[in-house]
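Generate coordinates for the entire structure from the input sequences, incorporating the hints supplied.
Number of protein chains: 2
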Amino acid sequence: MYDRIKGFRDFYPEEMQARRQVTDTIETVARQYGFREIGTPALERAEMYADKSGDEILEELYAFEDKGGRKLALTPELTPTVARMVVAKQQELSKPIKWMSTRPFWRYEEPQQGRFREFYQTNVDIFGSADPAADAEILAVAADGLTELGLSSEDFDFKVSHRDILGGLLETFGDVNTTAAIRAVDKRAKIDEGQYFELLTDAGLSDSQAREFDELLTTPADSLDELVDFAGTDRVEQAVENLENVLAATEDFGVRKHCTVSLTTARGLDYYTGVVFECFDSTGEVSRAVFGGGRYDTLIEGFGGQPTPAVGFAPGHATLSLLCQRAGVWPEESVTTDYYVLQVGDTRPTAARIARDLRAGGNIVEADIAGRSFGAQLDYADSINADLVVIVGERDLENGEVTLKDMTSGDQKSVPVDAFPGESKSPTFAEF
Amino acid sequence: MYDRIKGFRDFYPEEMQARRQVTDTIETVARQYGFREIGTPALERAEMYADKSGDEILEELYAFEDKGGRKLALTPELTPTVARMVVAKQQELSKPIKWMSTRPFWRYEEPQQGRFREFYQTNVDIFGSADPAADAEILAVAADGLTELGLSSEDFDFKVSHRDILGGLLETFGDVNTTAAIRAVDKRAKIDEGQYFELLTDAGLSDSQAREFDELLTTPADSLDELVDFAGTDRVEQAVENLENVLAATEDFGVRKHCTVSLTTARGLDYYTGVVFECFDSTGEVSRAVFGGGRYDTLIEGFGGQPTPAVGFAPGHATLSLLCQRAGVWPEESVTTDYYVLQVGDTRPTAARIARDLRAGGNIVEADIAGRSFGAQLDYADSINADLVVIVGERDLENGEVTLKDMTSGDQKSVPVDAFPGESKSPTFAEF
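Residue numbers (numbering that gives the first Met the number 0), protein chains in the order written: chain Y, 0 to 431; chain R, 0 to 431.
It is worth saying that the hints were derived from the structure and are not from the lab.
Treat the hints with caution; some may be incorrect.
No distinction is drawn between identical chains; accordingly, a pair holds when it is met within one copy or between any pair of copies.
[Stated by the list, open to error] Once the Cα atoms are required to be at most 20 Å apart in a straight line, the calculated DMTMM-like pairs of lysine to aspartate or glutamate come out as:
#1 K70 to E59
#2 K424 to E147
#3 K256 to D356
#4 K88 to E36
See the structure below:
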């Protein structure tokens, strides 16, 4: 009767179970690094987005006026919100501030594979450290999260770049619109060569400068000194040193093997200032960047706060699931049940006692709540993938027994009702 | 620079930690009963709410038109959404369907204590069973959830009522607007007596009928037969029997002690059809209902599905936190950290190795990512409530040692670096 809105999704239990497992894995890794969960609003003032990016950004958002005349927008990303929260309690918060959260965001864009109008991200950010170890920790959390999901360095690769190397190189070509040129670099792999060079010349580079700049971007990791020599500026020297320090720290943190220097990586958002990176499927089968992150040292100040360096990343769960599925590590989409307590006849007090005892052991336990027949209950137990069925029948109970049925083998045995579940938290068929 | 929107909240890590603990506790209990998590959209078509409740309901919602001309609303509750999802896959889903989820909802209402424009609920629902055991299981999950939070029967009380008893009694008075009269009962405790009786007479009862009806509502649990005698209808007889069967099942499920029959409880929403209940603070200090639930057997059919009985409840986390705080069981609002690895001098490779080993044991571990002094690191470790600080210093390392500092006692001791953390997953100060 009512249809779901275009670009929005319903997650039924089987799929949700897999998604929950992936989210928990990423969050657990972040928690172990000391990132603390925060909770944030779904709505913010529309100006928070329009002030930075112009009113045209509102066309890509769910923006509207509320009954009180406030111009609001459903949050399209977390960064402005966390920036607002950092500024609001700047004095009280001990630095570095390490925050994370998983939640939906919303953009009014045309849906395509791996892109929805409602999409889920886990945001992981550090505020208050300009040290290369902070950038490296972000790369380490990202890499460990993927590794915990079962992905290896054969599956994914972080293409690591540096905004200040790009900006510093562009500066040497004279009067260039750096923002526009960096946006062009971000589009390099997505558009054809002619369009790409046109964007670079639109940004103020001559044809030959554009070619020269593009060639510089392919400088290998072990020859970054050539860029320093080319530019001859402190800015590029320091940026290269910073990138090398970040990579050295990833070595100590055990994740250097997941990182490749790639100056043709730029990230789309304007607010990045230092190291940026994008995660790619090593096989190329998932063709888009899976997610990315980087350093944004000026954003907090732009939000009216004290200068506060920041670095973070945010895996989107839609593209992440594409990578996991490609690599064969997406969790099985099915529900699991430890025990089904099957009730035959007027045995509810005993069946309920057994179910409570099993739940007290931390197990997932279902019992009949629909007054159904033996066969219907067994079918249901099968549909929820119950491992073990405990049959509580009137006649068995007269003999002080219940019947255990192993749903994998189909084997059955009688056990004394008083001994079940006994001391064991999660009793198995074999135990009895 | 930007302010938060009225009625919306930011949750910083300390408060979020407590909220997460409470949410996890409720969800874990529901999972142990076999409720499966689902994921649902934040936006639905506005008609989904307006069709049932009239266009005026949209005044209380965040409703707007998107760029495609769709009339949308931020979901004010979950029930219509899950009804839509059940209808969409009615044939495939094995019954009973047992679903749960925790997420925010939005209403454009005047904020007050325990009520926000963005509010969080855990929804727990059963579809496809009309059996009293299903109603009782909902009461059991609700009661067990609160008990797991540390609340006892001294702290909370479920006031249990039955819509069909109310409706059946009203029917005996002739031509009464049952919906309006039940809404009046729902307001009974919140408005003055004169207003209440006026609402009842507006619904079609005479003054004396209103008094008589109100007196019937105070019938004690052990005298419900008097209502059957009074009405003399099958409807009231069956409704009373149903309520008694539900209470008998709560006995088997171990939660009868949390339930009190209270026919003056009605629940505000129109779609309830059978047993309804509200959870109250036993001390009355939290004066509003903490949350409620009940049976809604006609909603799925109203959404175009096959007749599907349903029952559920939905604790709102704002009022739940008021109850927990009143009872002194609200979790401590602080962050916890197992280890801080303090790095002095050029010792990052060893410090990073130790941090990784400790994280592999499942611990929360922070290390320096800001290049700070010994004292600044120790202050930070203190601010994040680190239990144990592992000091990795250049001179200690020359002797093959690190220093452990117990942050509670302040005691320190040296341990061989190669032996730390050793085999222990979560090594303690006392172990070394």
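Which of the listed hints are not met by the structure? none
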